[in-house]
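Residue numbers (my numbering), protein chains in the order written: chain V, 1 to 278; chain Y, 279 to 556; chain C, 557 to 834.
Since the hints were derived computationally from the structure, they do not count as laboratory data.
Treat the hints with caution; some may be incorrect.
What follows is a list of derived Cβ distance ranges for each label pair [stated by the list, open to error]: (1) V:Pro164 with C:Lys706: 39 to 49 Å; (2) V:Thr147 with Y:Asn280: 18 to 28 Å; (3) V:Arg80 with Y:Ala399: 53 to 63 Å.
The model shown is predicted, which means the values in this text are computed figures rather than measured ones.
Ideal Cβ placement from N, Cα and C applies to all residues, glycine included.
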Amino acid sequence: MNPPAAIALLTDFGSSDWYVAEMKGVLLAHAPAAALVDITHTIPPGDVARAAFVLARAHAAFAGGTVFVAVVDPGVGTARHPLAVHAFGQFFVGPDNGVLEAAYADPDASARRIADAKLLAGASATFHGRDVFAPAAAKIAQGGETTWRKLGPTVEVPVRLPDPWPTTAAPDSDGLVTHVAHVDRFGNAITALGELELEAWLNQRSVSGVVLRIHGARGSSVTEIRGLARTYGEAGEQPIALVGSAGLVEIALPGGHAGLRLGLAPGDVVELHHRETA
Amino acid sequence: MNPPAAIALLTDFGSSDWYVAEMKGVLLAHAPAAALVDITHTIPPGDVARAAFVLARAHAAFAGGTVFVAVVDPGVGTARHPLAVHAFGQFFVGPDNGVLEAAYADPDASARRIADAKLLAGASATFHGRDVFAPAAAKIAQGGETTWRKLGPTVEVPVRLPDPWPTTAAPDSDGLVTHVAHVDRFGNAITALGELELEAWLNQRSVSGVVLRIHGARGSSVTEIRGLARTYGEAGEQPIALVGSAGLVEIALPGGHAGLRLGLAPGDVVELHHRETA
Amino acid sequence: MNPPAAIALLTDFGSSDWYVAEMKGVLLAHAPAAALVDITHTIPPGDVARAAFVLARAHAAFAGGTVFVAVVDPGVGTARHPLAVHAFGQFFVGPDNGVLEAAYADPDASARRIADAKLLAGASATFHGRDVFAPAAAKIAQGGETTWRKLGPTVEVPVRLPDPWPTTAAPDSDGLVTHVAHVDRFGNAITALGELELEAWLNQRSVSGVVLRIHGARGSSVTEIRGLARTYGEAGEQPIALVGSAGLVEIALPGGHAGLRLGLAPGDVVELHHRETA
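The following block holds chain V by itself, in its conformation from the complex (with noise of 0.2 Å):
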């Protein structure tokens, strides 16, 4: 037998309570071999979306075959459905509320329904990371493929999120508008535009090179910034955009907080226009 897939956990169970440590207890009775990695459990309680958005940005580095099981359930108990999803050519365990959005990014995505019954018999009615989604994600990780297909039938309209930050044109111009998706540790204002459309925008004409208008602290002050870095050691002592490891465009003040200084949060506008040449 090959050795299990690794399982990685998302939540909102912070670090403090003893929630984390019992799925990981089920997690390790049902694939003592399995490697179990951390993505954060400190999403805010209830906030599907973030967890979302975070998944989306964790999930590309794990090998093929690894399980996510992410669990921001505040309908634990109720009538939504325990899903397990295909995608990627990994799994994706949670509830169907919007938690596993990033696996739909895969056209060929396809979730099943966790409907083993003696798993479902024995849960409690409001811990199913531990009762029904750690057991499924650990026999996933034992029994790949061929497990997944028997947990259940297929849905095939799971419950999606909309996308919290679509981009748009800008109004007046034919500019892009764009928001700031998260604010991470070192300050960096990461938006919601990604590398390729950005690219697209910026092949649209021949230009060299493109402008941001920041719109922060809630919208009663605007930053400019112009052009686009490649590295963080290239800042001076003035906010910089690049395009970030996650492949989304992000603001940055390298040495300090790019989020605190321009008062952003999520939600805040940031548009692209134009710089035309010379």
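Assemble chains Y and C onto chain V, guided by the hints.
Coordinates of chains Y and C only, in the frame set by chain V:
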């Protein structure tokens, strides 16, 4: 040889110093293939009772054979003994100061003093987590009960913690009095009253339900909750009571924070009264 | 093939973003059976010296062969080299900015530049932890010294950190002057003065002991402690001094918080004077 059992760590070391890492370094040096799990390291410094409470909640989700290392050890280097307790088919390693109280809930629990001369001779006076408990735990994880028996002599009367929140009868009725034992990250105020104790009391008389009277804000306010919910999803705008995943009665305000809303902290009084059948 | 060595991670990435998870995803993709250990991820952003201090304290508890990946890397994407240092029978992987200083305490330490063209060609300009250091560390964990030798050319003069707190002679006596290097979660103020250095100084003359004069609250108050304790348990209401588990002289107030009580922070001066035999 069998693969080693999992080893779960519970300490008051926090996550910013290097103490947990040193323990893990020693654990892996002795048991390279053991899975290491953090229960939590955010126990307030020296709070033996809190650690004991968390360990009591966490251990049952782990497989038989699992080794728990609980190091909240203000008396390190003094006369208190290092212990390894065999209970519930699992092993509990730590100082003889009550932190292993969870193990003694098994009437067949058996405690041994870690008396390995080599271990103790080389130990620092300030960090037995690294120098005594980690190597002992790693040995047990690899050798199981046989190894545990050889660690040292049986300790007949280990240090016990008094139950900080025993259930009592309500003074002026046939109700029950329990206490808030823990407020978790979601704001759920978890009481010390277990499901079995609750059911025994409910079954005393044929009653249709229960009313909880919660004395929050350190006694200055009283909230009444009628009946027990089954899931968090049933809540509206008002706090609910239910039996949570730990098998304990808890007060919850899903989408909110019951602890903050009602001003609840460990030690606050919760009374349960019969609601007579109409 | 032997099982891979353990891999221990030390970063300034925090635990709320997905950066540590991405590193672990890559590590497990390359070395699925490697045990991953977090030293800490709460190093203040960019604080290379703090990370170097923590790594120096943590590494000795780990087995030979362990691979440490230390990523505090404000210069990522610029000309600074990625390094892999072999020292103390262990491996230290990270940027050439001083964060691996602990390794150079081994006079036989040998540094190599990670020059794997394939690795570097595919790397982002903003996250070498994931793109360069993690795959290199995973390879070393699997292949040991042989693999390490093939990573790239020897670096004769890696970047070194100046000792931030060298021990000096007290200006007006034959005493010693050291500094607070770290205040841990328990409030222990750990100085930069090592046990061997202390003993050498004590043995210079036949003296019965030592008096410590601690300049706290950034110099505005002075506390005197007479003699060295052996364990935290010996403390009464007053601060004590002892050689802690890291082999460094520390000021402790068990049951309290020496750092808060005495107003101590890294850089504060601690003088040691002989206490003459009566």
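Unsatisfied constraints (hint numbers, rising): none
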